[in-house]
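With the sequences and hints as input, model every part of the structure.
These protein sequence lines are chains A and B, in that order.
Following the working numbering, the numbering of the first sequence begins with 1 at its first residue and continues without gaps.
Following the working numbering, the numbering of the second sequence begins with 1001 at its first residue and continues without gaps.
There could be a bad hint or two in this list.
[What the hints assert, rightly or not] Have a look at the derived ranges for each label pair, beta carbon to beta carbon:
{"hint": "1", "chain 1": "B", "residue 1": "Asn1169", "chain 2": "A", "residue 2": "Pro31", "range": "49 to 59 Å"}
{"hint": "2", "chain 1": "B", "residue 1": "Glu1148", "chain 2": "A", "residue 2": "Val177", "range": "31 to 41 Å"}
{"hint": "3", "chain 1": "B", "residue 1": "Glu1148", "chain 2": "A", "residue 2": "Ser81", "range": "28 to 38 Å"}
{"hint": "4", "chain 1": "A", "residue 1": "Ser81", "chain 2": "B", "residue 2": "Asp1162", "range": "22 to 32 Å"}
{"hint": "5", "chain 1": "A", "residue 1": "Arg91", "chain 2": "B", "residue 2": "Glu1148", "range": "29 to 39 Å"}
{"hint": "6", "chain 1": "A", "residue 1": "Glu231", "chain 2": "B", "residue 2": "Arg1023", "range": "40 to 50 Å"}
{"hint": "7", "chain 1": "A", "residue 1": "Glu152", "chain 2": "B", "residue 2": "Tyr1092", "range": "33 to 43 Å"}
{"hint": "8", "chain 1": "B", "residue 1": "Val1177", "chain 2": "A", "residue 2": "Lys103", "range": "54 to 64 Å"}
{"hint": "9", "chain 1": "A", "residue 1": "Lys188", "chain 2": "B", "residue 2": "Val1011", "range": "33 to 43 Å"}
{"hint": "10", "chain 1": "B", "residue 1": "Ser1225", "chain 2": "A", "residue 2": "Thr199", "range": "29 to 39 Å"}
{"hint": "11", "chain 1": "B", "residue 1": "Thr1199", "chain 2": "A", "residue 2": "Gln189", "range": "28 to 38 Å"}
To be clear, the hints were calculated from the coordinates, so they are not data collected in a lab.
Because the structure is a prediction, the values reported are computed rather than measured.
We treat Cβ as the ideally placed atom computed from N, Cα and C, and that holds for glycine.
2 protein chains.
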Amino acid sequence: MEKREIEHKKVNYKLHIAYDGTRYHGWERQPGRPMTIQGKLEDVLSRMTGTEVEVIGAGRTDAGVHARGMVANAHLLTDMSPKEILDYMNRYLPEDICVQKVKKASDRFHSRYNATGKTYRYTCYVGGLKPVFDRKYVYILDELPDIEKMREAAEYLMGTHDFMSFCHNPRMKKSTVRKVDKIQIQRKQDYLTFTYHGTGFLQYMVRIITGTLLEVGMGKRTPDSMKGLLEARNRSLAGATAPPQGLCLMEVEHGG
Amino acid sequence: MEKREIEHKKVNYKLHIAYDGTRYHGWERQPGRPMTIQGKLEDVLSRMTGTEVEVIGAGRTDAGVHARGMVANAHLLTDMSPKEILDYMNRYLPEDICVQKVKKASDRFHSRYNATGKTYRYTCYVGGLKPVFDRKYVYILDELPDIEKMREAAEYLMGTHDFMSFCHNPRMKKSTVRKVDKIQIQRKQDYLTFTYHGTGFLQYMVRIITGTLLEVGMGKRTPDSMKGLLEARNRSLAGATAPPQGLCLMEVEHGG
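So, in structure tokens, the structure goes:
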């Protein structure tokens, strides 16, 4: 078949994926780094179809970050059913990457461009001991931060703002305006979770917000300092980036 | 101080311990094997007290088996408070071993001889996909076994029996009679759990019972074949030993 003919016969599939990001250099394929989620998925699908496959993820999670609800899409030339694709992928992917669902999508479906919302959760352990079974999925805090103060600070961040102060990339050329419509801070027994929902997030944004809120909770900043922080558009004024293992991409929406 | 004087000044402490057994050759200290739970605990306590310490565990979990509620005791020569001992141990133990509680016990308290009951849980994953976050704590089954048949089989094993057929050690010299007063088989979403309670268990007994019940659930044995199996007192007639990562020691009782 000619290349054009192959492209014409390809079908676009939507994939739901969960992964334990501990061993990986993040989602995005990088030259010379075999351990990326995108790379593992593309390798398996390329082998399955005998053609080069690009897997487009709804977001590019960073090294060490996990996902329970990543959505991706890939145009595949195959006679296999969605169920057969799912079984093939799960058989050949490593044990820390799971394809949860495969279904046909319209040709124009693009998991990133068409994403309308994302939910991230950041989990801290505040039990005072050692979370032996969850240690790779939480950030261990030595003391319990003041939850009310953090909630107060979070109020300033909700809504549509320029989040340049919470963006890891100082040379960001595109807009750093984002809308965050939920920041829920909850304590459940030994765990403190920060749940974020928005249309999209800048690089490290969730971890920098979490790190900054934790500094508020520890009394190092006041809740109302968030206002000036947003206005400053200066990453160096925000808090430390919370470590990656506490972060998990929970859900991606494609409303329409 | 003379040795006798040191022994006299030692105080007996009861320890509650949780551990992820993945990286370990089991509880029991073994020459030439640095990765044992008992060995790690003894090393930290010996360093803390400057004397040789023996840590006595209520049970000897096998390689790869986990614990959420191991109980142990150790006679220690120290001026530290129980809270200080706990903090010291957690600081110097690896991240997959946690001391949950330390308290003074009577001199005669022996965590193994005085144990009156133990609860073990064996967890299988039956979700049909891949449990990326729990993969080191479950046994992955390809299909859901027949729960009612397994419950029926379990009835035959409850009570006081000679469990020689479920004992790993064919040269066991001591009694192989044990009392099992609970075998609870439950499905919760993607997980199938077997909860066992008894006064004590033989080596591999929980895993051999689980493996045998799973064979009943898969239709390879009948529930009523358990009766003959107990009578045969022959390990080779029972089912396969279920793999270690699904097993967890949940609780040890010291009633009195």
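(request) Check the following: the C-beta atoms of Glu1148(B) and Ser81(A) are separated by a distance inside 28 to 38 Å. (result) holds (33 Å)
(request) Can you let me know if the beta-carbon spacing of Glu1148(B) and Val177(A) is within 31 to 41 Å? (result) violated (58 Å)
(message) Can you tell me whether the CB distance of Ser81(A) to Asp1162(B) sits inside 22 to 32 Å?
(response) violated (52 Å)
(message) Taking 54 to 64 Å as the stated bounds, is the beta-carbon spacing between Val1177(B) and Lys103(A) within them?
(response) Because 56 Å falls inside the window, the suggested range holds.
(request) Note whether the CB distance of Asn1169(B) and Pro31(A) lies within 49 to 59 Å or breaks it. (result) holds (54 Å)
(request) Could you tell me whether the CB distance from Arg91(A) to Glu1148(B) stays inside 29 to 39 Å? (result) holds (31 Å)
(request) Given the hint of 33 to 43 Å, check if Glu152(A) and Tyr1092(B) actually sit that far apart at their C-beta atoms. (result) holds (38 Å)
(message) A range of 33 to 43 Å was offered for this pair. Does it hold for the Cβ distance of Lys188(A) and Val1011(B)?
(response) holds (37 Å)
(request) For the range 40 to 50 Å, tell me whether the beta carbons of Glu231(A) and Arg1023(B) fit it or not. (result) holds (49 Å)
(request) Using the Cβ atoms, figure out if Ser1225(B) sits within 29 to 39 Å of Thr199(A). (result) With a Cβ separation near 60 Å, Ser1225(B) and Thr199(A) fall outside 29 to 39 Å, so the hint is violated.
(message) Taking 28 to 38 Å as the stated bounds, is the beta-carbon spacing between Thr1199(B) and Gln189(A) within them?
(response) holds (31 Å)
Hint check: violations occur at hints 2, 4, 10; the rest are consistent with the structure.
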